[in-house]
Structure formats: C-alpha cells, structure tokens
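Enquirer: Listed below, chain by chain, are the residues.
Protein chains: 2
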Amino acid sequence: MSVMVRENEAKTKEKWVYSFGGGVADGNASMRNLLGGKGANLAEMAKLGLPVPPGFTLSTQVCNAYYELGEAYPEALKEDVSDALRQLEKTAGKRFGVPDNPLLVSVRSGARASMPGMMDTVLNLGLNSETVIGLAEKAGERFAYDSYRRFIQMYSNVVLNMPHDTFEYILDDYKEIHDYSLDTEMMAEDWQEIITQYKKAIKDVLGKPFPEAPEEQLWGAIGAVFGSWMNDRAILYRKLNDIPEKWGTAVTVQSMVFGNLSENSATGVVFTRDPSTGAKSFYGEYLINAQGEDVVAGIRTPAPISRYRADELGSSDAPLEEAMPSVYGELVTLAEKLEAHYRDMQDLEFTIEDGQLYMLQTRNGKRTAAAALKIAIDMAREGVITPNEAILRLEPSQLDQLLHPAIAPDAVRDVIVRGLPASPGAAVGKVVFDSEEATKRVDAGESVILVRVETSPEDIQGMHAASAIVTARGGMTSHAAVVARGMGRPCVCGAGGLVIDIEAGEFRFGGRTIKAGETITVDGAAGEVLQGAVKMTKPNLSGDFRELMGWVDKVRHLKVRTNADTPGDVEIARNFGAEGIGLCRTEHMFFDPARITQVRAMILAKDEMGRRSALGELLPMQRSDFIDIFKIMEDLPCTIRLLDPPLHEFLPHTEEDLMAVAASTGVDILSLKRRMQDLSESNPMLGHRGCRLGITYPEIYEMQTRAIFEAAIEVVRETGIIPHPEIMIPLVATHKELVILKKLVDQTAEHVLEDAGIVLDYKVGTMIELPRAALRAGDIAKSAEFFSFGTNDLTQTALGISRDDAGRFLKVYEEKGIYEKDPFVTIDREGVGELVRMATLRGRQTRPDIKLGICGEHGGDPASVMFCHEIGLDYVSCSPYRVPIARLAAAHAALLSAKA
Amino acid sequence: MSVMVRENEAKTKEKWVYSFGGGVADGNASMRNLLGGKGANLAEMAKLGLPVPPGFTLSTQVCNAYYELGEAYPEALKEDVSDALRQLEKTAGKRFGVPDNPLLVSVRSGARASMPGMMDTVLNLGLNSETVIGLAEKAGERFAYDSYRRFIQMYSNVVLNMPHDTFEYILDDYKEIHDYSLDTEMMAEDWQEIITQYKKAIKDVLGKPFPEAPEEQLWGAIGAVFGSWMNDRAILYRKLNDIPEKWGTAVTVQSMVFGNLSENSATGVVFTRDPSTGAKSFYGEYLINAQGEDVVAGIRTPAPISRYRADELGSSDAPLEEAMPSVYGELVTLAEKLEAHYRDMQDLEFTIEDGQLYMLQTRNGKRTAAAALKIAIDMAREGVITPNEAILRLEPSQLDQLLHPAIAPDAVRDVIVRGLPASPGAAVGKVVFDSEEATKRVDAGESVILVRVETSPEDIQGMHAASAIVTARGGMTSHAAVVARGMGRPCVCGAGGLVIDIEAGEFRFGGRTIKAGETITVDGAAGEVLQGAVKMTKPNLSGDFRELMGWVDKVRHLKVRTNADTPGDVEIARNFGAEGIGLCRTEHMFFDPARITQVRAMILAKDEMGRRSALGELLPMQRSDFIDIFKIMEDLPCTIRLLDPPLHEFLPHTEEDLMAVAASTGVDILSLKRRMQDLSESNPMLGHRGCRLGITYPEIYEMQTRAIFEAAIEVVRETGIIPHPEIMIPLVATHKELVILKKLVDQTAEHVLEDAGIVLDYKVGTMIELPRAALRAGDIAKSAEFFSFGTNDLTQTALGISRDDAGRFLKVYEEKGIYEKDPFVTIDREGVGELVRMATLRGRQTRPDIKLGICGEHGGDPASVMFCHEIGLDYVSCSPYRVPIARLAAAHAALLSAKA
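Chain order of the listed sequences is D and B.
Adding 138 to a residue's 1-based position in the first sequence gives its number in my numbering.
Adding 138 to a residue's 1-based position in the second sequence gives its number in my numbering.
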C-alpha cells in the first residue's frame, strides 16, 4: 500500500505539459516515450535553434491518465495547459482568441512510434467570427474565410463527429447554384456564406452551435486526438506493428504557419537520403501554396525537391532548388545539421510561409530494407556510427524485402502503365479494387494486387494482404507509398491517367483494359505495372549485404541452420549462410511424384515382408537425395528427421488417384479403401505418427538410417568430404521410445559402416515437441545427444490448438488480446517458452554438452530468436530465405542483451 | 563407485538357498519377497510344526541374478544347493539318486504374488532306471513305472522342449495295438515299454539321451522354472495384474509325497472360509488317489470336502469328512491354526499319502469382492483385525464386482444349463468359443460370453475380454473359476453334459442348440446359463458394505464427487456416497433427441440473433435439468461445465438425419452441408471447442449460466434447498480467457439473482486440461476459485496422443514397456503427474484456499486416486459406479501413506 501512495504522490507532482520554441524547450529528443516522436523532436529542434513554430506538448502520461480516469483529465492539467498557452502567446507574439493578430494553432497526435495518418489532427484552431477578421487583415479576406471554413469542416468531423457528407453537399449545392466548378472560383463572400450554412447545419444536426470560444475549441481538439488513440484504424495499425496500447499518444499544440498563404509559400517533405535506395542524395517533394496535409494525402502530385530528383523522375515541374533557391539552401543546411545531430537519415516536414522557412517535424526516416542497409553501411563507413550500431539499424524482419525476387533482366516487359517507384520489389497477382476483397481472396489462398485511386488508412488491412499496391494518384510520400515501404510491399504510385472503373470491374490506360481478376506484375523498383505473370529472379545480394552480414556473424552467439529437404533448398540456404541443416524432413522426399507409388505400396503392404520389399525400392532414391545434400553441406552438420507424418497423408484422396494406385500397386480398390479407412484418424496430429511409426514399423526407420549412412559412405569415397549426419527421432514422449529407436539406428549404422570399413561420427537425438518430452528432458538426455525444439507441435500441444483449425477463433483471440501475437509466429514465452526453458535446463543437467536448437517456424522469427538467445540455445534453424533474417536477429539479440 | 563395490561385496555373501522341514526353517512368512509366497509359507508352516514335506527354496534373488548374468547362475549357488540337498536327505531320511528308498522331489515356481498355472513345475524328479526300482519296492511296480513315465513326459515338455504330441502318439499307438482304452488298463510292463519308447523318441528328436543323473535333472528343472518367469503367459499375466518383472520367482525343491499312492491317499484344496460368499464355513474339494495337479487342472471333477458343502452343492460324492474322518479332523485343526496364525482366510493344498496328512501350501485365499467384504467385516468383528486392516483387505478395484448388476428376482429364467456357481455376478453377451475371437469382438465393441470345455492360461486374454465365462468341465478351484473370480467376471464352471461343437459353431444341452453369436445371460451366483438377455437389477449393497464404507469415510482425506450429467446418474451417485458433482457435462443434455433439433438450429444459425433465438428455446430445457440435479444434490457442490465439444459433433452424420434437420430447421440441404463443411476440423480435439466457443459465441455461455441460476432460484423458492453451483470454464489456456468468461458469468449471474432478489454463493473456476494452463496456474488462479484437473485431455495434450486413435499403437507401446500402464487408465505420474503437481503448487501459491479436484477418468482409478491423495487434492470425481471404489481407494491412500 505504501508504494501506491508514493506513486500517487509522484503523480500529483507530475509535469504534464512541455513547452518549446524560441530557442528553448522543456523536453528533448531522448524524451520520445513521454512526448511522442513529434513532440520530442520539436523540442530538440527548438533547442538546436532551428526555426520551429513554438508550441507545447501534452505527454503520453496524460493519455494514459485520460483512459485510466475514464476519459477525463488529471486535475492539474487545466492550469498547466493554461500556463503553456500564455508562454506560447509570449513566444509567438500573438494572442489566442484575440482578433488582432490572432494566435492559431494546430493540434496533432504524436506517439512513441510513428503511426502515419492513423490518428486525428485539427488545424487553424482559434478561428471564430472575431479572430477571422484579424486573420483577414493579415492574410487577406479570401484566405481567412477559406481557412475558417476548413477549420469548421475539420473540427466538426474530428471533434463533433459530424458526417462529412453534410459539408460536401452544402459546398456542391452552392457551387452548382453559382455555376462554379473549382474551389478557386470561390471568393471571400462565398466562403462567408458557406460558413453561415455550415454553422446552421451543425446546429441543426447537433442541437448546439459550433464553439466560438477558442479554449473550448482547444479542449475539444485535445480530447478528440486522445480519443483517436483508440479508433479502429489505430488499433489495427498497432497490432500490425506491435505497438503496445499502453504507450499512449502525446498531443502537440503548435502555432500555425501557412504554406498556403501565397505563391511565395510552400510545404514539403524531405528525406536526407533516398529512402528507397539509401543513396546519399537529398530526396523529397513539395507543393507551392499548399498545406502539409495536401502533400501527405496525395491529392495533388507534388514537385521534386531538387534538380537531381527532377531529372531522375523525368519531371517537368520546377524543383524547390530552382523555385526558391535561397530557402532551398537553408533547408539543405538544416537537414544536414539534423542528420548529423541524430546520426541517422531524417524525414523532415517543412513549411515556407511567405518566404520564411519553418521546420514542423523531424524523425528518423522510414526506409526500404535496401535503403536501411545502404544507409547503415555508409554511415558506418563515414564513421558516424559503429558497425554494431549499423547492425541494429536494420530490422531483421525488414530483411525479407532484400531476399525476395525482382523482375528478371531478360523478362519480356509488357508495360501497361508507369508510375512512381514507391516501394521496391516485384510481385505477381490478380487485380482487385477493394481492400476487403483483397483480404478475402488472400485468405482463400490467392495472391492479389490492390489497385486504387489512392489509399487511406481504412485500406491498411487490404494493403497488408495484397502482394503489391498500385495507385493512380499520390507521390512518393503519399499514404500508399509510406505504408507499402513499411510493410515491404512493392508499390507503384501516382500512375497518372489510370482510370479505375469500379462499376465495370476494370482499369483502363491508353486504350487497354484490365479486368478485375486478371493477372498483372508490379515492379516497384521501376515503377511499372506489367501485363501477366512476368519472369522473376532471385534477389541479387550486394556487397553491402555481405559486409553487414560479416559484422553480424562476428557478433552473434547463436548458430543458424536451415530447414531444407531438397538439394535445391539446401543450396539456397548454404548461399544465405546456413551453418548446417537443422531439419531435413525425409517425408518430403516421399511425396515426390516419381516415388509416391512405392511409398503407397509400402503403406498398403499387408505385412512386414511387403513393407520391406517396397522400402527396398525406396532405399536407393532416399540415398541419392542424401548424397546430394551431404555434398552441398560438406562437413557441416545435417540433422535428418526420420519419417514423421501419419501414413494416410501419403494416400490418394480422389477417386482417380485411387484408381491409379490400384493399377500401379495391384491392390484392388476395395482393399485400398479398407486400408485407407483403417489409417484414417480422428486427430491425426495426435495419432499414429512420428516415432510411433518407428516403434510399430521399425523397418521404415531402418531403411532410412541405411540410406543416410550408405549415402555418407558414398560421399566419403567419392569426394573425401566427411558428412556429419545427426539422426533425429520425432515426437518422442518417453525416454524408452528413444532407447529403442536409438538402438535400431546405432545397430543399422554400425552394420553399414562396418561393411564399408569406414568410421564416421554421427549423433542421434530427438525433437522435443511434446510437453511430456520437455518435462522428461532430464531422462531423455540420457540417450539424446541433441535436442531440437519442434516448437510448432509444442505450441499445438501445450496450447491445445491445431494450427489447421486455429483460423476459426485465433483472429477473435488476437482481437480480444488473449494472445498478443499469433503463437505460431512468435513463441508463446509464458507457456511454450517455459517448457523449452525447462527442457534446456533439465537436458543440460543430464548431459552438459548436449546440443540444443530450435527447428519450428519460430526459428526465423526475430522475437523468437531473441528468446532462443536468452535461454542459451546453440542454434536456430529456419527456412532458407529466413536464414539471413535469423543471422541478423541473432546479432540483434546478442547486442541488445549485452546492452541490457 | 564405492557404493557399487559394497553392493557387490554384499552379493558375494548372499544367502541363495533356504531350507525348511522337520520343525525348523531358514525362512518365514515375512520373507515372501525373497522366497515367494509358496516358499515363505512352507518355511512358516515348517516352523509352526505342521506336517510339511521337507525341502529348500532358491530365492527370487537367484532369479534376478540368473537374468542379470545372461541366464547363468551365481557361482556360489552350486555348493549351496548341494548343501541344502544333503540337509534335505537327512531330514527326509531318504537319499537323492540312491535306489534304496530314493528321495524324489518336486520343483516348483513361487513368486511374490500368486500367478496360478503361469509357470512350470516338474514332479517326481530323481527317478531314473535305478531309483525307479527302489520306488517300486516301496510303492509297487505299476505305480513306480507310471510315475517314471509321467516324470519323463513332464520333464521332456518343460525342460527339454519336446513336443507334447510325440508322447501322446506313442501312448495312443500302444493302447491301440494292445486294445486298451483307459490308462488304468496299463500294467507295469506296459509302462516299462512306454518308457523305453519315450526315451528312444527323445534321443531321436534331441540327439541326446534323457538325463539319468538326478543332479542333472535337478539343474535342468531349476533352469526351466526360472526360464518360465519370462514365458509369454507369465508376461501377460504380470501385465494384467501389475506385477513388476523385477520381482522374479523363487524355486522350491521339495520332497515328493503321493496322493495317488493308494485308495487311502488323496489330494485336495481347502479354503478356511467360503471364497465366494465369505461365509465362515470350511470350503474345498478333494480327489481320492490323485495328485494335486489333477484337482487344479479340472480334468476330474472333485468331491466336496464336507457334508455341509456336499449338501449345499447337492453332490452325491462322499465328502472327505466321511471318507477319512480322522484325517479330516486333523485338517480342520491345522486350517484353523493357520487362519489364526495368518489372520486371514487361507487357501490350503494338502496331500494324504497312505493316511498321512501333508500340507503342501498355504496362502491368503483369493476371494470374490463379496467374500472379501464379508471376511474383512467378520474378522474385524471377531477382533482378529482392526477396522483399518479390514479396509485394506478389500481391493478398491475388486469393489466393482459388488456394484454390478445381478439377475432381477422377478426375471423369467429360461435355464439352458446349470453348472457350479464359480464366480458371482451376472452378465449378458454373445456366445463365442474362442479366446481370440472374444478379444476381437470386444475390441469391436461387443459384449461376449466365452464358452469353453475348460480354460487354460492361454485363455487369459479372452477371459479378460469376456463379460462372463462358462466351462463344461472343472470345479470351483479350476483354472477358469480361480481366474474368473480374480478378474471379477461371472463364471459358471463344470456344466456337465454341455457339448461344445466348434466345427458346427454351437453348443448343445438337452436337445437345445445355441449358436455362436446368440445372446445368453450368465448368472455366476446361481451357476446358471440363461437364454437371451435377462432382466438385471442394481446391486443390493448389504449392511456389511455400508459398515465398511462408514469406516472408509472416517479414514480418507479426499472427498469423492461424481461425474454425472443426468438426474438419474446423479441419483445413483448420491446413493453411492458422492459428496457433490465434480463434472456435469452440459453438452450431454444437448444430445437429448428431444433437444437436438434446437441445438442444430443454434449451430446452423447465420448470426448471433439466430443463435440467440434457438438458445432461447434451449434455456427452459437446460433449466429443468439443473432443477432436478440441484434437488437431488441438495446443498452439496455441483460443478457444471459450460459447453465443451466442437459444434460439429452435434450435426447429423447420415443423409437421412440431414434431411430431417433440413425439414425441421427450414435450412436447405446445401447450406446445411456448407455449414457442416465450415465446421469440420482436421483435429477437432485441438480445435474450436471448450472456452473458445464461449469467447466466439458468448451468447451460448450466457444462456447456460442463465439456466443454472434460474434453476437455482427456483429450487430455493420451491424447496428452501440452497444449491451450490460451481461454474466451470473448460479448455482454458490463458488467464485472459478466464477473465473474459468469468466476467460474463458473473454479470449474468448478478443480473438473474438481482432480478430474483436472491443472494447465492457460487464459484467460478476452470478445468486445467492443457499443459499451458498447468504452467500458468499461478496466473489463472487469480481468477479461478477452483481448478478441476481434466486429466483425459491433459494426457492427450501432454503426451500428444489422441485417445480415439491411440489403439493403433498403444498396445505395441504397452508390450514394449514404453508405457507400463495405459496412461488413459492410470495417470502418467512422470509427465501428466508433474503438470498436475506443478499446477497444484502454483495455484495454491496465488490462492491458498483454491479448491482442487480431478474429474478425468483417472478419478475412479485406485492408483491415480493414490496420486491425488499424495499431492493433496481436495477431491476426486468419477462416474457414479466408481464412487465407492474411489472412496475405498482414498481410504487406502490415507492408510498406506500414513504407514509409509
């Protein structure tokens, strides 16, 4: 209790509000958790003496308090805000709610992690029927009334929950009556009339007038921004990006500057390096006479920032470099200062009000994996950061982008339309026009390309589901572009001239028509949309990649192996740096169409003799696979799992297949059906599989062991390579199972090796994939020379969830926060993790040098790799394309745990 | 290492051989583990001065050493046996291998636990072509040569592995040539000729002569008896009776006495009380001029021991009481002495050689459950044993017999044939003539009656499978009778005149023919075989039963609840002493044919509204069940589990059912099929079931909660009884699931109770049936007021074995000793047990007063009840008929753990 009291005391002394501006600030960049990214960096910029419009930030703790108090504010807040507002008035030299040179403010969200467009914003706040007159005096009547009606519109939507349509109808009607077609035809008087109509509509719908008092406006906006932390989009975005709810958002109230005040005004976004490629070139775009939202929303397509970019894009628009050369020069200087200060590539928002440059935001810029890689390596080479920092600059999960296919250089490219190369990579899929449809089809197993006029936060789920995104409008920093890069989806933006006809279910460009459902290819790197499924190539991993991975390999403690069953996969994995095979599933060889008949003959045999005869024919086939694999892996360890799945998986499922099997095995259909009936199981996952097959049909494991050792002998003889096979017994629950099967393996191996007169080191071990095995690991380690944690099955059994059936409820489970992450993707630390930890301890107690690894899907998941590092496993094993990710994740784990 | 050496030293000083006879003995009754039951009791009887033929026993440690040394003897053994043999010669006044008054011996097995007929025996050992002459001088030529050929036959079978047929052919041929039909027609010369032919055949088949040297014979027999410890029958018997292999058998070498020497000789078996009923009456049977084997083998039907028994059985044979009154008197005195000495009912074997009584064995007699109960209660009343000892005299598993049905008094009895009432109880089943067939049909789900001429140890498995056994031959102590009583199977023995015609697949009696597969009823208590399925009654539990259970209830710590879903079952369980409901499966109510339509309508509903409407109709039905159950259970706690199984279990499986559902729900067949497809799962055991239904369809749990509380309110109002519902949430894996569903239950309960203005104590808790739940028990206990261990599912998930599919391999697993016992019958202490123990500790740490129980099938298994007692659970819950078993097992657990 005493601790509680002290906490409460601390809270009463809490600083809720942090001011910035005029070369000073209460906060700084390190206070990101408290002030959000935006607030912290505005404070930092203010401190650095950069031209930042002054303001103040309500901390994320206000957000948490707000929700803890049932959407109410802590008592002291009112006064704190009031104080901060007075200080802001002083710094800005303007007064809030006073007609003479009135202070107008923006109210924006700012979370610890960037959540672009997910939460609400209010601009031009402080305008009312009196202050609008003051603004008119300063900026002209038309601008002032246009700003006021914009404010009413925005505030009404965001704060008052007025339907958007109402205002649109009023404006459309007005324009029709007056025969206007563009907003630019609207004069000050027109906007005044519109404002009157808006206010009337608000009173009609809500039963109370639009608030005149600026303070009331301010508190309304603050509440709305805090409220938007819990809107559906924000919740979904947090889920997709692993952002905890308890982080909360800050709210920043900042003096308005106007990029839309005149033709000498502008607004833009700049990256200090190219966020697509990482090239050290000033990158960005801007709009003359516009507000920042216009750039981000993608409604107007902005112009390039520099001559270099303009040439690169073939743009005929004047770059800022030429339109406003001196402001451009100032911007470049500030940008370089900020990058050097933050020691990372910056994403800046700026506004030019009548020739005066203001910095509105700086943050570490989002980037593609390729850019992240190049920037990290370049900065390390520049001496700005250390190699270890460079390693931490590349998110393991991001690496995926680098490892995925691109369009083959020699591919025939039938270009339908060109746009901006907004996010690199390439993908093939069927055209869909609707996010919901995209999600549905992907759930049904299809690959889709989402084609939209522009995207909005409502599209997040569909974008996530899609293999690539194409938009008709919007620039390189539009919603679609930013989100697609973050997700690693190829994206082509602003494909001007593209007509999307939802009604007809097609899109058209230059006389060509593509129907929904047709297959197209997106080349995000080239910014091209291609007809049909175009040939792809494997990713070409650059020298930068190899250099970084070299650093990575020096840092990590965990070895990385691969789960690969075919020589092809093994080759890829080796090229990606796999240090052995962690899981070779021998049954995948059984599914080969050339062999399935013999496999079926084996399964359908009536007795051991029949099985042995069929196995005899499978032996040379299995042997030849192992020969190839051993040759590729050379002296690296190869963990080979003996047959695991229930036998009925190999049986035919259709009547035609059945007939074929009957014909080729000489077994009549009736017997076949009876045998299939015999083999069918209620819960095959918990059935006659794994080592249970080895116990009941020892001849199968005997054949497999023989094939492994005969292959090893042949490789020794042919190449001099000494393979290191590790025979893995699956689904062990008891020590006795392993004792029986280890004896079978040892006897068979001894027999084969003796006949050949060859001595070969090998290991026998087991999967730990049942809770009982984890509990009995102390016993099992008496016979097991290694454990490989099969966390897929361990998750299924520990949680009692069949992966195949989990779809029915796992989504609801994630929504309700029962499992924070899909436990089949990221290891459930509390449950499955405890079993793994327990087995690790118990296994090592019995056999201190026991080799411990993981071979479930979790082996390629960065968060799970962190776990494996923490509990001190020897290696992780994952699919070939995940090997570099696991290597990087292992290095992150080593660096982060050393830090902690 | 030093410990090992000391052990070895101890072994070199080991005493391997224990002599007895002549009023002294090296051993005594307490040395049963070392000398086996037979050896220990022979030593004890010798010490008591009883007329025991002298001999010596090779201890069970010799057996273990024999197998440890690879079927060879410890070095010191030869000399020890030689010494013991010399002492035996002295005591017996005869010499081994010396023609003049030769010492003949029997060589018999004797394990710690009785294993009747499972291991080998050799009689008349020491006979050869010289000693047979000495025997002839003493006992007559015919007897001597008959004994010699019997010895050759027995020894050749048991020790030399000669085929049995060879000797039968020789004898049959000889008899045919000489036109003899009976053995009694064979004279001394005939047996001499037979012996010559036997010896020749042995030389021909084995390539070496039959051993003449008695010492060689002796070592051969000893090796054979030790060897028989590992024969298939013995292994199977041990498995069925939980006898560990490492116990080993002792071998007793004993001076022969001959019950077949003359008409003044006899052999018999006596129980000091009636092993069927427990009545305090001298019970047994004997054969004049016979060897002990003849009684046990059931080849001749023996005469009753006493006039009382003769009258009881309506036998016309002269009882021993009348045939040899003075020996009978001596026998009664000895028997009373032995029962008093051992403080338990004795099963004695005796032989009378020319009027001289010898005791060959005494042991605690096997008995029916009814007899065990009566004897225990009687002896406690007599003051011979304490009530606690009486409790331990009744095996919990035996109790089953007392609780099962008997033929209804008013049933129409169409008697096919009468025999001996060998084992009480009654059963209905289909006639089978073959043990293998019996096992197969029972595996297929049928109930069978095994009908045999006589049974042999090979029939054990079939007898175990059968619901009852009928034999044409053999007495009350025949193999069939002893084994059936041990197994609790009703048995009718010696149904004289019954003709079993295997070829025709039928049995006949008095002109009636019963075909294989026809249904008959066996009344083991009356010794009658009845036509068809006869009406049964519930067991009538006597005052003795109630008295014992009274003692039991005072002793035990564990409470016993029941798993019952219907008012009928709840009533039975309450009568059997259930102290609450541990598991009421609400889904069983859903399967009621009157409700299934509404259930299906609920499942097939397209949305929540549809489900709610169907649930609304189910509500009053569920409520009425609960009303009945609460009324029966009164103020005892009732744990009610909310819906658990996957919904598709409720859907129709046949086309006809489907049509019916379509008709009654108004849903078309196609939608129905689609919905069924949607609901089908790969692994339903790990699928959308348990609390996952509650999370995804809260309205179902809401309805069930409402039904429970509305029922409770009605019971309070109607009867004044205050029910104690305990709402149980199934298949919880995470604390959050319970948090969400407990809130739903609490809110619903509060609502219903508030409306009624009634305050009611209830609990909300959870099943612990997933490994993750056991691991997270500390968390879960924050919300759970009780845990009920669902050890069925916990076994399935911890071991990764689906109970439905385990049949395919679990048998092989048991054979290979991977699981000593079926883990679904007796809890797997090492795996599942650790999870239960862990959850118990963690749960109590969070909530010290948490109520802990078990509701898996293990709750009625005595070995598992012991475990539950050890880890300190509050209660076990089991099916109604198992309640008394669990009560007794709980008392045993308390008494045995207090002892230990």
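A portion of the hints provided could be inaccurate.
No distinction is drawn between identical chains; accordingly, a pair holds when it is met within one copy or between any pair of copies.
Only pairs whose alpha carbons sit at most 27 Å apart, straight line, appear in this in silico BS3-like list of lysine-lysine [claimed, not checked]: (1) Lys568 with Lys653; (2) Lys338 with Lys1037; (3) Lys949 with Lys880; (4) Lys881 with Lys959.
Hints in this document: simulated from the structure, not taken from any laboratory.
Enquirer: Okay, which hints does this one fail, numbers in order?
Expert: 2
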